[in-house]
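Participant: Protein chains in written order, with our numbering: chain A, 1 to 287; chain B, 1 to 254; chain C, 1 to 435.
Worth flagging that the hints you see were computed from the coordinates, not collected in a lab.
Take these hints with a grain of salt, some might be off.
One side of the interface only, derived from the structure: several residues of chain B facing chain A at Cβ under 8 Å [to be verified]: (1) His17; (2) Thr18; (3) Val19; (4) Gln68; (5) Phe71; (6) Gln88; (7) Asp93; (8) Gly233.
From a predicted model like this one, the values you see are computed outputs, not experimental measurements.
We treat Cβ as the ideally placed atom computed from N, Cα and C, and that holds for glycine.
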Amino acid sequence: MSTTVDEMSRRTGAMSSAELSGERESRATVGDVTVANPRMVCRDVDVWYGAKQAIKGVSLDIGKNEVVSMIGPSGCGKSTFLRCLNRMNDTIDGCRVTGSIQLDGQDIYDKGLDPVPLRAQVGMVFQKPNPFPKSIYENVAYGARIHGLTNNKAELDELVSASLQKAGLWNEVKDRLDQPGTGLSGGQQQRLCIARTIAVSPEVILMDEPCSALDPIATAIIEELIDELRANYSIAIVTHSMQQAARVSQRTAYFHLGDLIEVGETNQIFTNPKHRLTEDYITGRFG
Amino acid sequence: MVGDNTAAPVGDIAGGHTVRRYDQELAKLRGIILDMGQRVIEQTQAAVAALVDGKDTQAYRVLDREPQIDFLSLDADEEIFRVIARRQPTAVDLRIVLALSRIAGDVERAGDKAVRIARQSLALREGGLMPGALPSDALKDLLRKLDDHACCMFERSIQAVAGFDVELALGVFEDEPRLFGASDEARDFLGQEDLAGFTPRQIVCLLTGAHALERIGNHASNIAEQVIYVSEGKDIRYRNREILIETLRRDRAS
Amino acid sequence: MNNARAAGAPPQRTIDIVNASLKRRYAKERRFRLLGLGAVVLGLLFVALLFADIVGKGYTAFQQTYIQLPVTFDASVIDPEGALDPETLRRANYAALIRKAQREVFPEVTARRDTRALGSMISVGASSHLRDMVLADPDLIGTTKEVWLLADDDIDMLVKGHIDRTLPESERRVKDQTLGWVERLESEGRIEKRFNTIFFTHGTSREPELAGIAGALMGSFYTLALTLLFSFPIGVGAALYLEEFAPKNRWTDLIEVNINNLAAVPSIVFGLLGLAVFIGIFGVPRSTPLIAALVLSLMTLPTIIIASRAALKSVPPSIREAALGVGASPLQTQLHHVLPLAMPGMLTGTIIGMAQALGETAPLLMIGMIAFIVDIPSGFTSPSTVLPVQIFLWADSPERAFVERTSAAIMVLLAFLILMNLTAVLLRRRFERRW
């Protein structure tokens, strides 16, 4: 047993020197990054912010009808990786992405590919509920309007109500669709954002800490919603709450200092993680 | 190895949490179980002394001290309940808590076995039929050997819990054949057609006592299984022991 | 010492130490608050003084002295041929009518010098007033009517009390003789102060009683309208590009620094620039709202760009992410979401820039806006002047009556400035509440 103490101290020592130099080789990922039925396939993704490498050789599949959760300490690159999946990183100056990320076999970083339609296919829900300061109806209808998904008002009405129903918000707001979306409670706002995202019928929904600003009840409602949405969408969720990752996801990926340390069935990750770093993190031993 | 572990009774496997109070809670839980284990060993030794050497006072003392182990077991349960509710342990912590819960049960039942031996000792000598030590030196040796094996296994398993030490746990498994051997010998001796000096009723008492000793050894094995479960993350109950020991040894070597 | 205290028998509790210093701290706080209050009161006092001075000097300009005379619209003077030809009516000698009317009121005045003094009591603009009456209603010809005629500025000053009647004649602008006539007219009820419509309807004039701010107001209006037209779209566009689209590199940094520097450039430099570039190279007609607007646009652009960028920055990035996240293009994101939210801030900045432009004088002097222009400008390229320049010109005039007109014009300018700033505040408050 005493040998483990040595191992640990050696490991932490190596870690801090690596942090200082920032020139560490990427770590091999423990566990199987592939799935039988992938929707998105990422291979050897590196992300650089200027000279700083934020993601080091990450490979990960996102399967159809599954929820993949990404966990890890702050600054581990999980959000960065998530934002690569719909090219939200394009808006950041000096951000460079290499490697391949494919959506249904199409490389999304292909020179000729337009990120605008991509973001309709890969929707995103953000940490802070961010409804537009417009009416509830307009919030949901906006995406459909700009993409021209509907031909007339009746179709748009139908789409708005269907999206709100899918997001489990319809019964709460059906009588006040013309009221501002910003007037809803935090949890309702987040569900409105989910409705807005699914209104453009994406294939993948990315969620960046969707519940971090919500109370436990609202969180539970969103988690239940995520589980329902799994039937029709692939979902990748970044969360700081390990319990949430354990509750909502089928697969879990643990990121650490830009490396994807371990991927596996959520059940396995939370009962018997293979990598020591994963275990330290999920059991609360991470400094 | 043993020295190493006694030097660091709280191995790092359950420690090192960012929330140090969590470490303390797990350490307290483990302390209760180690305390129980220590008491069970004393109880067993006292009970065997009573059985073999006819020391009735020892037997009564065993009976008197039994409730303390029961209370410790209740404390352990309470602590486990609290840790699960407040800390929501995952991964290794979850295994530790689950394993300690099962270990607490095994230790408590091993304690019951000591009581059973003490009771057999009293029953053996009921009505002043056979005061003092057992008349047969061979039987005494056999029972002492069985007791040695059982207590050694149990002590080792408790030490394994102290550091969740796989080596010690494997040692417990390796002791099993000797325990079974000693147990068989004792049974064979008591099962002789022409065993002189014992009434059938006394033979039953002695058999029961020997069986209880063997069961204590079995509990030690169960505890060792839980230690392996914590350290290796594998549930190895109901597996072939020899293959298991071999694979575990190989894994550790590599 | 600390150790000694720590080891000493009575351990001092934090609360005791805090209580001991509390009084001193509160006293300090009170002093600071009083100082702040004092500064504010002092500031308000000066503002009040300024306003009191301006209003005190200027409010009388909103009234004008009129003298009532029985004017006989003599057909032989106005329309000897009786053809009622408008051209004839326009050219008739109405001054003669006034002189005649004065003779009727003051029959004893006959000496040539005295009649001239008598005539100078009435403004030279009075005859055109009579002309307008006749042109509007030719039936007046041949009748006699009591008409209120505009008094000369000296009489006006006298009636308003700006000329001290107790001074010896030699030190007074109005001679004793005229003073006597005025007092007689006053006793007969033939002198009256009325609301000064001329001030708001006429252009400037050499005669104070005929000078108005209408020309300058219209000039300012045309100038500001054009300035807004030029600077708002360019300013907002520049801000939007710099803030949202431009790559962040050395060039954009340079541009940013320069914009901030431009905001600090003395305004007269813009006037020189306008003179050299717009007039010298492009040949824009000088002294027009067009050239003024071009120069003022240059001047207000930095203000608008800086305010607009601040407004854009204050729009939470989550809104941009939300729009991009549902697949809006960058331009759609800006136009549909960011710009509407930033608009109140941009408008506030623009209005403040406009207010600055409205009050600006120095650069306009460089581009000929100082010319004496009587006509009210009718378009963007007609010669004109603007309010602050008009004030500057009047303040320079020697006549006593221009003093009150200057103050009155300042009051009008201040009223517009306050109105604009108020609009900015209201806009901001109105939209802030919504967000």
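Participant: Quick check on the hint: threonine 18(B) CB to chain A CB, less than 8 Å?
Facilitator: holds, 5 Å
Participant: For the hint on histidine 17(B), does the least C-beta distance to chain A fall short of 8 Å?
Facilitator: Holds: closest Cβ of chain A sits about 5 Å from histidine 17(B), inside 8 Å.
Participant: Under 8 Å, Cβ to Cβ, is where glycine 233(B) needs to be relative to chain A, so tell me if that hint holds or is violated.
Facilitator: holds, 4 Å
Participant: Take the shortest C-beta to C-beta distance between glutamine 68(B) and chain A; is it under 8 Å?
Facilitator: violated, 29 Å
Participant: Does phenylalanine 71(B) pass the interface hint, meaning its C-beta sits closer than 8 Å to a C-beta of chain A?
Facilitator: Given a least distance of 30 Å, the restraint on phenylalanine 71(B) is violated.
Participant: Take the shortest C-beta to C-beta distance between aspartate 93(B) and chain A; is it under 8 Å?
Facilitator: holds, 5 Å
Participant: Should the interface hint for glutamine 88(B) be scored as holding, given a Cβ-Cβ cut-off of 8 Å against chain A?
Facilitator: holds, 7 Å
Participant: Closer than 8 Å between Cβ atoms is the bar; does valine 19(B) clear it against chain A? Give me holds or violated.
Facilitator: holds, 6 Å
Going through the hint list in order, the structure does not satisfy hints 4 and 5.
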